[in-house]
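Asker: Below are the chains, spelled out letter by letter.
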Amino acid sequence: MTVSQSGQPVLSVRDLRVATMGRRPAEILKGLTFDIAPGETLCLVGESGSGKSVTSLVTMDLLPRGELQVTAGRAELNGEDIITAPPARNKALRGAEMAMIFQEPMTALNPVLTIGLQMDEIYRAHTRMRGPDRKAAAIAAFESVNLPDPPRIYDSYPHQLSGGQRQRVMIAMALALKPKLLIADEPTTALDVTTQKQILELIRKLQDEMNTAVLFITHDMGVVVDIADRVCVMRHGEVVETGTTEEVLSAPREQYTRDLLAAVPALTPRPARAQEAPEHVLELVEVNKVFEFRSALSKLMRRPGHRVQAVSDVSFRLDRGRTLGIVGESGSGKSTVARCVLRLEDPTSGAILVNGHDIAPLEGQTALAPARRAVQMIFQDPNRSLNPRLTTGDSLVEGALNAGEPRAEALARAGELLEVVGLPRDALSRYPHQFSGGQRQRIAIARALMMSPDVIVADEAVSALDVSVQAQVLDLLAEVQARRNLAVLFITHDLRVAAQICDDVMVMRRGEVVEFGPAGQVLANPQHAYTCALLEAAPGRDWDFAKGRRVTEPA
Amino acid sequence: MLTYFLRRLLMAIPVMFFVAVFVFLLLRLTPGDPAQAIAGDQASLDQLEAIRDSLGLNDPLSVQFLTWIGNMAQGDFGRSLISDRPVLEMIGQRLGPTVALALVAMAMTLMIALPMGVLAAWRHGGMTDRLVMAVSVIGFSVPIFVIGYVLIGVFAVNLRWFPVQGYKALADGIGPFAHRIFLPGLALASIYIALISRMTRASMLEVLREDYVRTARAKGLPEGIVLFRHALRNAAIPILTVIGTGFAMMISGVVVTETVFNIPGLGRLVVDAVLARDYPLIQAIILLTAGTYVLINLLIDLSYALTDPRIRYQ
Numbered sequence: 001m002t003v004s005q006s007g008q009p010v011l012s013v014r015d016l017r018v019a020t021m022g023r024r025p026a027e028i029l030k031g032l033t034f035d036i037a038p039g040e041t042l043c044l045v046g047e048s049g050s051g052k053s054v055t056s057l058v059t060m061d062l063l064p065r066g067e068l069q070v071t072a073g074r075a076e077l078n079g080e081d082i083i084t085a086p087p088a089r090n091k092a093l094r095g096a097e098m099a100m101i102f103q104e105p106m107t108a109l110n111p112v113l114t115i116g117l118q119m120d121e122i123y124r125a126h127t128r129m130r131g132p133d134r135k136a137a138a139i140a141a142f143e144s145v146n147l148p149d150p151p152r153i154y155d156s157y158p159h160q161l162s163g164g165q166r167q168r169v170m171i172a173m174a175l176a177l178k179p180k181l182l183i184a185d186e187p188t189t190a191l192d193v194t195t196q197k198q199i200l201e202l203i204r205k206l207q208d209e210m211n212t213a214v215l216f217i218t219h220d221m222g223v224v225v226d227i228a229d230r231v232c233v234m235r236h237g238e239v240v241e242t243g244t245t246e247e248v249l250s251a252p253r254e255q256y257t258r259d260l261l262a263a264v265p266a267l268t269p270r271p272a273r274a275q276e277a278p279e280h281v282l283e284l285v286e287v288n289k290v291f292e293f294r295s296a297l298s299k300l301m302r303r304p305g306h307r308v309q310a311v312s313d314v315s316f317r318l319d320r321g322r323t324l325g326i327v328g329e330s331g332s333g334k335s336t337v338a339r340c341v342l343r344l345e346d347p348t349s350g351a352i353l354v355n356g357h358d359i360a361p362l363e364g365q366t367a368l369a370p371a372r373r374a375v376q377m378i379f380q381d382p383n384r385s386l387n388p389r390l391t392t393g394d395s396l397v398e399g400a401l402n403a404g405e406p407r408a409e410a411l412a413r414a415g416e417l418l419e420v421v422g423l424p425r426d427a428l429s430r431y432p433h434q435f436s437g438g439q440r441q442r443i444a445i446a447r448a449l450m451m452s453p454d455v456i457v458a459d460e461a462v463s464a465l466d467v468s469v470q471a472q473v474l475d476l477l478a479e480v481q482a483r484r485n486l487a488v489l490f491i492t493h494d495l496r497v498a499a500q501i502c503d504d505v506m507v508m509r510r511g512e513v514v515e516f517g518p519a520g521q522v523l524a525n526p527q528h529a530y531t532c533a534l535l536e537a538a539p540g541r542d543w544d545f546a547k548g549r550r551v552t553e554p555a
Numbered sequence: 001m002l003t004y005f006l007r008r009l010l011m012a013i014p015v016m017f018f019v020a021v022f023v024f025l026l027l028r029l030t031p032g033d034p035a036q037a038i039a040g041d042q043a044s045l046d047q048l049e050a051i052r053d054s055l056g057l058n059d060p061l062s063v064q065f066l067t068w069i070g071n072m073a074q075g076d077f078g079r080s081l082i083s084d085r086p087v088l089e090m091i092g093q094r095l096g097p098t099v100a101l102a103l104v105a106m107a108m109t110l111m112i113a114l115p116m117g118v119l120a121a122w123r124h125g126g127m128t129d130r131l132v133m134a135v136s137v138i139g140f141s142v143p144i145f146v147i148g149y150v151l152i153g154v155f156a157v158n159l160r161w162f163p164v165q166g167y168k169a170l171a172d173g174i175g176p177f178a179h180r181i182f183l184p185g186l187a188l189a190s191i192y193i194a195l196i197s198r199m200t201r202a203s204m205l206e207v208l209r210e211d212y213v214r215t216a217r218a219k220g221l222p223e224g225i226v227l228f229r230h231a232l233r234n235a236a237i238p239i240l241t242v243i244g245t246g247f248a249m250m251i252s253g254v255v256v257t258e259t260v261f262n263i264p265g266l267g268r269l270v271v272d273a274v275l276a277r278d279y280p281l282i283q284a285i286i287l288l289t290a291g292t293y294v295l296i297n298l299l300i301d302l303s304y305a306l307t308d309p310r311i312r313y314q
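Line by line, the protein sequences are chains V and E. Residue numbering for the first sequence follows the numbering used here, beginning at 1 and increasing consecutively. Residue numbering for the second sequence follows the numbering used here, beginning at 1 and increasing consecutively.
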């Protein structure tokens with residue numbers, strides 16, 4: 001798309017400074033400057049804490065009252081300074097001249113009000129349209145974002161829609177009054193790749209139609225490739241580098257940008273590791289899991305409940321020293337497989353062999369204890385998987401103490417393991433909130449290693465981390481795996497991560513395995529249409545981050 | 001929605017049954033003989049036996065229980081041991097003032113506490129917030145009879161805006177009714193205002209941090225709509241719970257207010273019945289109170305479903 005260089009920018013931010021309020025103010029934004037022209041998409045890229053979301057909140061005049069304040073600078077929307085404008089004026093601009101889409105479609109809509117009412121409010125607040133006209137406009141807007149059956153959507157509540165549909169509703173709301181500026185704060189991060197692709201295309205299309213300026217905030221370099229005209233790399237509240245997408249991605253001037261790009265995993269799978277004398281440590285044979293929801297009344301009346309087949313006939317073998325990736329979108333059953341392997345869920349049928357013993361029929365803690373030691377799990381969100389009231393030491397030794405190891409001995413081992421995962425030994429006496437996300441995930445790895453497992457199940461273990469941290473944690477996992485000859489079952493929605501670390505890949509959809517084979521084959525030469533669609537939807541697939549240029553031959 | 005309501009209604013039946021069993025056994029277990037109470041200290045053993053026989057006290061417990069339930073099903077709750085009037089009639093006479101007082105107090109509570117709580121949460125940490133918190137601490141800590149007498153002292157005795165005591169039914173005209181019920185209503189409401197304004201504030205503080213509130217602001221909506229339509233409805237469930245139980249507690253706990261303001265309500269009837277060991281009356285009042293609780297809980301459940309569609313469709 002052409003970027004109009006002439007004329008006034010839609011948004012012009014000059015030397016913007018934002019600080020926390022309170023006794024010891026900390027500067028969150030340190031003199032930010034950028035412009036966005038009509039019809040242009042500017043991507044603010046950066047890792048967590050870089051200040052990109054705060055920038056969007058300043059622009060919308062939505063900074064949390066009493067927590068953050070603008071200390072200097074200007075943010076002009078069509079030449080009008082948002083920062084000095086009276087609140088009433090900004091309120092009139094919000095939703096009409098500038099609009100915003102948020103990251104989490106599940107929580108961004110009010111759960112107790114109908115979609116129609118929430119849409120109607122925008123027209124009511126900013127126009128003098130009459131009831132029937134407002135409803136007609138809303139339904140037309142829903143149509144323009146390709147929502148199925150707009151009248152039904154109008155009468156629905158948010159929980160009756162899927163994540164992708166809700167995000168479409170958000171887009172329809174944001175663009176209802178054809179704003180000059182659209183701010184999209186990680187609008188696709190919480191969505192599946194195929195949905196993400198559709199939403200990105202939709203934003204692109206509507207933007208072209210309305211000549212909207214888009215301030216797009218993301219941490220995902222792949223998304224940048226797909227949507228940005230210009231990129232603004234941010235770090236610690238400052239702009240590190242600005243330029244057109246091609247410039248920044250192919251010839252980054254700053255080391256930080258280079259590091260950020262280098263940390264993006266390639267979509268091309270790495271070669272599988274050589275394997276001599278395979279030793280199966282984990283084997284699943286036709287595992288099924290059916291969830292049944294039945295009220296007490298239905299049980300009493302022997303009525304059948306609502307059945308969901310979460311996993312159907314999943315079989316695989318995992319050998320010592322190998323990594324198997326289970327790839328799929330939300331609802332594919334990949335996490336349920338992981339939970340069955342740990343017997344956190346009871347499989348409905350099938351066999352789960354850990355070191356040759358079927359653990360599926362076992363009941364009770366004592367019977368499961370050996371398998372629970374042999375298979376350890378690393379969870380997605382280290383902020384929530386570590387108990388905030390326990391010190392790192394207590395978290396680490398808990399399993400060992402259960403297994404009967406003396407405390408002193410266990411603590412000594414825990415200290416050693418912390419060094420293995422790259423943390424100081426004195427981290428033992430600290431609490432989870434004193435660590436960063438990446439450090440916490442290191443602790444989670446150490447906790448898994450405490451039990452000297454044969455298999456590690458990692459469920460989206462790096463999804464909550466910034467790319468640079470993600471790369472470090474993946475390296476650590478690979479190193480630990482090689483040194484201890486571990487089998488890893490890696491569950492992810494991210495094909496790049498899968499390509500980087502897996503020997504074998506299993507693609508799941510709606511509880512079924514659609515494709516299973518060596519990573520090199522499945523990801524480079526997919527046979528199933530769904531695998532192709534997944535790869536097709538991977539953001540930034542036509543950019544080679546390692547070489548810094550567009551991929552000419554599609555893989 | 002209808003099935004949801006019917007299911008809740010069905011669940012109320014076993015609850016009421018267990019309450020009935022409990023009340024029945026409670027009175028069988030308490031020391032004292034109803035026959036003795038009726039006949040007095042001078043009665044002979046034969047007289048006592050005759051009375052027991054006529055009351056059915058010699059039948060097996062299960063028969064007694066079924067007879068009792070059967071009678072109640074026909075609207076016969078028994079007669080007072082003291083006045084020999086039907087219990088239901090005595091309660092009916094007293095129920096009016098109590099329910100009127102509770103309703104007025106609850107209405108006052110909602111009109112005062114909800115805006116107070118919402119404002120305090122909105123201006124979190126500011127002067128308004130501190131003022132609201134201070135008022136609620138007073139409401140909590142000052143006993144109801146003190147508040148009652150202070151209100152009487154200021155508004156009735158000194159300013160002469162309201163009468164000191166007494167009650168007029170709504171049937172006697174809205175003016176006299178409102179005039180007399182205002183002060184007792186406010187006194188009774190004080191603790192609930194404290195409770196519900198705090199609850200509203202806490203619940204609102206949580207909800208105001210939610211993403212959809214930010215969305216509502218991002219749409220440029222007026223702050224009033226953001227607060228009352230978007231935030232308060234989502235904050236409503238814990239508040240409704242407190243309102244419901246608070247109302248049930250009011251019905252059963254108006255004794256002090258009724259005494260201070262000399263209102264012939266249920267509270268005073270309970271006190272008299274207990275002092276006179278009038279078992280049938282006590283029994284009926286306990287059942288009635290339990291019934292009120294069950295009914296109010298049903299209404300609360302229903303109000304959840306009305307405020308939150310996700311509950312409706314479960």
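Hints are computed from structural coordinates only; laboratory data are not their basis. One or more hints might be untrue.
Computed spacing ranges between beta-carbons, pair by pair [unchecked claim]:
1) E:Ile69 / V:Gly163: 21 to 31 Å
2) E:Glu206 / V:Gln309: 36 to 46 Å
3) V:Thr20 / E:Glu206: 14 to 24 Å
4) V:Glu80 / E:Gly224: 33 to 43 Å
5) V:Gly22 / E:Val137: 24 to 34 Å
6) E:Ala202 / V:Asp15: 33 to 43 Å
7) E:Met72 / V:Ala369: 52 to 62 Å
8) V:Glu80 / E:Ala202: 50 to 60 Å
9) E:Gln74 / V:Gly163: 54 to 64 Å
10) V:Tyr431 / E:Ile69: 34 to 44 Å
Computed from a prediction, not measured in an experiment: that's the story for all the values here. We put the CB at the ideal spot given by N, CA and C, even for glycine.
Asker: Would you mind marking each hint as holding or not holding in the structure?
Answerer: Right, here's what the structure says about each hint:
1. Taking the beta carbon of each, Ile69 (chain E) and Gly163 (chain V) are about 54 Å apart, not inside 21 to 31 Å as hinted.
2. Between Glu206 (chain E) and Gln309 (chain V) the Cβ separation comes to about 37 Å, which falls inside the hinted range of 36 to 46 Å.
3. The given range of 14 to 24 Å is respected by Thr20 (chain V) and Glu206 (chain E), whose C-beta atoms sit roughly 22 Å from each other.
4. The hinted range of 33 to 43 Å is not satisfied by Glu80 (chain V) and Gly224 (chain E), whose Cβ atoms lie roughly 25 Å apart.
5. Roughly 26 Å separates the CB atoms of Gly22 (chain V) and Val137 (chain E), a value that falls within the hinted 24 to 34 Å.
6. Between Ala202 (chain E) and Asp15 (chain V) the beta carbons are some 40 Å apart, a value that agrees with the proposed interval 33 to 43 Å.
7. Against the hinted window of 52 to 62 Å, the Cβ-Cβ separation of Met72 (chain E) and Ala369 (chain V) comes to about 57 Å, which satisfies the hint.
8. Against the hinted window of 50 to 60 Å, the Cβ-Cβ separation of Glu80 (chain V) and Ala202 (chain E) comes to about 39 Å, which falls outside the hint.
9. For the hinted restraint 54 to 64 Å between Gln74 (chain E) and Gly163 (chain V), the CB-CB distance of approximately 58 Å keeps it satisfied.
10. Between Tyr431 (chain V) and Ile69 (chain E) the Cβ separation comes to about 59 Å, which falls outside the hinted range of 34 to 44 Å.
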